[in-house]
Amino acid sequence: MSATLTESPHRVLGQPIKRKEDPRFLTGQGRYLDDIKLPNMAYMAIVRSPYAHARIVSINKEPALAVPGVLAVITGEDLEKLGLAWMPTLNGDQQMVLAVGKVLFQYQEVAAVIATSREAAYDGAAAVEVEYDPLPVVVDPFKALEPDAPILREDRKEKSNHIWRWESGDKAATDKAFAEAEVVIKEKIRFPRVHPSPLEPCGCIADYNKTQNHLTLYVTSQAPHAYRTVLAMVTKLPEHQIRVISPDVGGGFGNKVPVYPGYVVAIVGSMLTGRPVKWVETRTENLASTHFARDYHMTVEIAATREGQVKALRVHTVADHGAFDAQAVPSKWPAGLFNICTGSYTFEAAHVVVDAVYTNKAPGGVAHRCSFRVTEASYLIERAMDILAHELKMDPAELRRKNLIPADKFPWKSPTGWVYDSGNYHHTLDYALNLIGYKELRKEQAEKRARGELMGIGISFFTEVVGAGPSKHFDILGIKMFDSAEIRVHPTGKAIVRLGTRHQGQGHETTYAQIVAEELGLSPDDVLVEEGDTDTAPYGLGTYASRSTPTSGAAAAMCARRIREKARKIAAYLLECGEHDLEWADGRFQVKGAPHQSVTMQQIAFAAYTNPPPGMEPGLEATYYYDPPNLTFPYGCYIAVVDIDKGTGEVKVRRFLAVDDCGTIINPMIVQGQVHGGLTEGFAIAFMQDIVFDENGNNLVTNFTEYMLPTAVETPRWETAHTVTPSPHHPLGAKGVGESPNVGSPAAFVNAVVDALSHLGVRHIDMPITREKVWRILRSAGIDE
Amino acid sequence: MKVQFSGTEAIRAPKEQVRQFILDPNQVGQCLPDLQELTVADPTHATAIVKIGVGPVRGRFKLDIELQPSGDAATIHVRGSGMGSGLSMMSEVRLEETPEGTNLHWQADASVSGPLASVGGRLLEGQARKTVEQLFANIRSRLESVAV
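Going down the list, the protein sequences come from chains P and A.
According to numbering that gives the first Met the number 0, the first sequence is numbered sequentially starting from 0.
According to numbering that gives the first Met the number 0, the second sequence is numbered sequentially starting from 0.
Next up, chain A with everything else stripped away, as it sits in the complex (with noise of 0.2 Å):
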């Protein structure tokens, strides 16, 4: 299954603010949804263990995390495995300056391999969307609460 999401975060961050924080394994790692365990590899590497559930399918899986600057702002992507399936997620996030702070702009292609996919079936486009949108507002709302 191959999909694609885009969304924007109005974030009340400066831009500056956002740009370190979305090139920093260790905060973007923990923004991860159902994160379980995060270990930082070096400045641009992140190993993760999340929960994930669809549908029926329920199980742990382990994430490769690799930020990359991109222009002004960075690339996430996400690889991993778990349940005999395979997921990967590669987001462009672009960032605009905004009277009340920075608004975040991505857009992310996700694919899913394996009976996740199978099983998954029709459930899987909404929980993989969810997963994906819960990420950046996870990103908006700890960037908030550290501008405050």
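With the rest of the complex left out, here is chain P (with noise of 0.2 Å):
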């Protein structure tokens, strides 16, 4: 498969073509899922639990049925009599859809009202009455491993709040080198528990026929296929009776992967209602209940030579996954691909350990890069090299220059089994080095430091693995994850392309269009692309963990390349010639020595209709089922420079630079767009965001005054550059890009605030990095405005 592109006038591909999805997104055109009504359709809200862990005592309807407008309330002891009282997470765990016995953490779903309108609908919520016994909360996961620790979860066989134990590596090479080590560095290190709160919050429409038994659900989903199947499964209805629609959506994040309960009690109250029932949360309910991200208490050990040449890397995590272990994982990979830990480095060993355990909080972990976990490696591991440096008192671009993967040893196998597909680090280094002034910038930071003020640069030098996956390792729920595309071209010439994906404001209705127009010669303007309807689209595992252009973009590739092969005999046929005769050259078949003797695919596609060869069957379109070979790997190097306010402890990032390689790029104003979004995403993550929980696992932060997202007003510049390492297995040499950015910052802006204050004897601090915890440690230095 070769990954190179002709040059030719017809030349589509990374052309910056304004997005054709955003006229109607920017003049109020989306059709959002809260945006639908349909004729008799009712309301539902949930009652949810103010208890983190307590027995439900009693649950009184009857107050609620008497409120005008209610048509229904639904417990879970009405789902029991159902067998819907629990369903299963993507995890092989068993999550509960409405709480039947006892609630597992607060805003845990006790109740639904169903009812003519909304307000009836949170008027009878209200007048619900729940009996509740507290039980003991378990909001730490280092507490709820201890043996007198309540055991949260009666349903199981395992009477332990441990939920699973994962381990990758080597560990006795591991151990070796440990012992053999010059120098060894340790550290503590935790991801923040964070939530993507994305713009619409999570929402449906069930919308159940029972003459026809045939439910339509219009729902916010990344993965609507992915739904469609977990409800076959779950509700036990026809697969071929459900149709999922997936509307606009307004952004993701890996929000909108799992399927909630909510989903599942709106389409038991449209079966029990006869009526279409629509839910969408309130803001609170999605910072609440819906699934975070993260979470992880990360202990990372690098074993060195005193000249720094890493030898051996060792993790101890555990993962708090609160009430459910609802993650979205691969069978194989529990804790996602959290062993892509050793970053970009030549570590000889490494051994990685993962305990995942369950705690009074909200399940999940689907969101920022999925349930991946590669955005929890690639901090770790860059946070662990500037310590290293910081110990061996090295610079630490030079650490890192010293330890990269060498251009010349790619394909290279990593210590706990990746194989990273290209890559040239040194190159994308000294590059990102020198386009932001590295020296200069050093010298401005010794002389500031001789004067008392506070400057750090940062550096975070990750490399990403996206595009899941093959199918002999990827899969949920045992659907491997390829991806599909179906093209359908018109007489006139015209396409529609329909995909397995949905976008969430990826711009997939121009980069697919751009990658269809490229390969069979039309103006993207002719191509149309269509997502997120089951009915129409083929089977795909959805848009998350930076997939959609390494599956489905590849997918609409080969599929279009399918038709260009059909193309080619009609081409013979109506040019008078050999198929081989033929060259594709300028978006055209043209006889080869004879460029004016060419047809058009709008000819071609004409003929398919009209004029036929003898005996060929007529049409032309082509469905393709991808299955990557192997995943890609997409890296980066990024660098913050920040001045610390030693009066405020505030922390103004003066730069920051986003060197990405994520191969071939088939829309720079896109990439761009979606770096700039991911590096705010990293930007919030470091500086503001945590979930907190007090004692009694109340959720502190359910609102925007207490959860922070930067607004202009904080964001700082985002710099941009690429080089480009083409895959060598992706039919455009693409990598992805969507989720990079993220995964890559939080690393450079608090390597850059420990870097300002490293003289102090400043070696870690946890995000967020408030200004609080900045002012607290300048105060404990000594230092004084």
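Think of the hints as simulated: they come from the structure by calculation, not from any bench.
Please note that a few of the clues may not be correct.
Calculated lysine-lysine pairs in the PhoX-like style (CA-CA distance at most 25 Å, straight line) [said to hold, decoys possible]: (1) P/101 - A/61; (2) A/14 - P/101; (3) P/565 - P/493.
Quick caveat: nothing in here was measured; it's all calculated off a predicted structure.
Join the two chains into one complex using the hints; note that each chain is given alone, in its own frame.
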């Protein structure tokens, strides 16, 4: 498979074409879930638990049923009779749809009220009387593992809050390297519990038609086909009688991958009332009950030589999963791809252990880089490399240069088994250092430090692993993680392409149109991209984990090439020559050596329906399921420059340079937009965000006054650049980029702040780095204004 | 949220009168701040409806009150729910005879769960303290008005 693209006047790939979807988004013409109103539609509100852990003594529906407009009240007991009180999670666990017997986290779903209006539904929910008997609460995952900790999950056979242990790498080789090491560093590093907070919260409309035994579910979903299959398994409705439609989605970031209890209850509500039932959660419900990200408590150790050659990596992580293990991960990888934590460096040995734990917190894990844990891994290794540099009194850029995987070592096999497909790391490092003027910045820092001013420079050289994934390793609930595309070229040479992915603002309608247009010699304006309807799109696993371009983008290209093969036969017929006399150039078929004798795709498409070659099946369409041979490994070098106010502890990000290598770029403007967005998320995680619980398990950040999102005021100015090392196995050489900035940036921010304070003996600060934290460090170091 | 408060009310009434008062659900119930309804179930239990407001969150709470003798004094246990939130207060009361009457020493562990704890946030501790202190202040003034 060739990764090179022919240079030709018909060149659509790599052009900063304006996004085809933007006019409708920018003029308020997007059609989101809550814009949909069906005739006779009812509304649902959910009664949630105020307690993080409590027995349910009784539930009294009567006062709610007396509220005008209330049609039905559904409890866990009602669902139990239908066999729907519990549903499987995407990680082999089960979770309650509505609480049965007890509640395990604050804001857990306890009952649902269906009413003729949204207001009546909320009034009804407020009227439901639930009597609780509070139980001891466990919020600290380390305390959850203590022998006298209360057992949270009484439904499990194992009487323990420990869910599973996952190990990767070679323990013996790692222990040996540590025993022989000249230098060892060790640090405890927490990646806080954060929430992606999409602008549009989650919601659905369940429309069940009893006479036809047919369910249409309109839902904010990043993976409509996976929903259909899960719903078929949970509700026992035949899969062909379920249609899942995901309309425009107002941001997902993984938050819209899981099937939430509200969707299942809305379906039951529609079956009970005979009406379509709409449920849209509130901002607080979104923040407090839907999937969070991270919450990894990591202990990292590096063994190295005195000259700074890394030898071995040892990591132990306690992963706080909340009340149910509801991650979405391939069966083989319970901690996702966390063992990519050897990063961009030539470690000889590594041993990684992850212990997953139940606590009285909302379940989750599917957000920001899905459950694949690459962000945690990248943050960990990039933080640890800086700690090693500090220990060795080496420049962090030099330490990285010394240990980066050399270009001639690709494909490179990591000690935990990953085969990195391609990279030219040293080139990208040098490019980034030159672009930001690293030497001058270090000089400036030394001068400022001499004057007592605080300035820091932080580098992160991350390697991502995306595009899940090859079917031999990757599945969700057993379904292999291929993805698909179907292209129909109409008689006038216009095309529609349908895909199994679902964009949430990433620009698929433009990116995929560019891919298909490039491959078929069309204008992107003549290619309509459609996603999100399971009745029309081919089966696919959806959009998350930066997998759309690596999987569906590849499927679209391969599907177009399949069409081109048929087109070649039609072209030969039209030009009255042999197929082998033709070449594909400038977006058309032309006779070799006689370029004026050519036919366009428009002419070919017309012939396919009006004048097909004798014996040939008419029409011009194809479907392709792409099973990637490997993952892709985008990487990048990010550099942050910060100044710290000694009086207030305020960190000002003066510069931030992101040099990404995501292989072939399909639309540089869209890539830049994705990088800007991801960097802003990374900035928020580094400086603002943490889901905090008190000792009773009360979530203390249930709205945007407590859980901060950066606005234009706080957000730094981003500088972006690229190096291009195409993926050798992707049909276009593309690698995916959506999550790179979220993965790579937190370490750069934190490294910069720690660098600014390192002369005060500071080695590590846990995120979020708030002004208060910095202020306290400065005061305890005796620094005054 | 879990908080602990304590205080002392110097009451101009004899110890035995104070003791009987704090074991009477009808009397103690009427000392709850912002009381709207009170129903005495039996000699140790009552149910009350009170109005509670913390910052932007305002609504009605249904409280279950239980009074139990403890040594020569009492425990007062209040548990309730409202506005999707739950609260509980367990307080120990100790009585001490003084020349002027009785010192009522109280210690209370209060706990709040649910949106009230989240949304009330920083305002909650102050509000909880004020409410608990008001309860015991009301007990004093009610006893003294009876005594006078």
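A quick look at each hint next to the structure:
no., hint, verdict
1, P/101 - A/61, "holds (21 Å)"
2, A/14 - P/101, "violated (44 Å)"
3, P/565 - P/493, "holds (16 Å)"
Hint compliance for this structure: hint 2 alone is broken.
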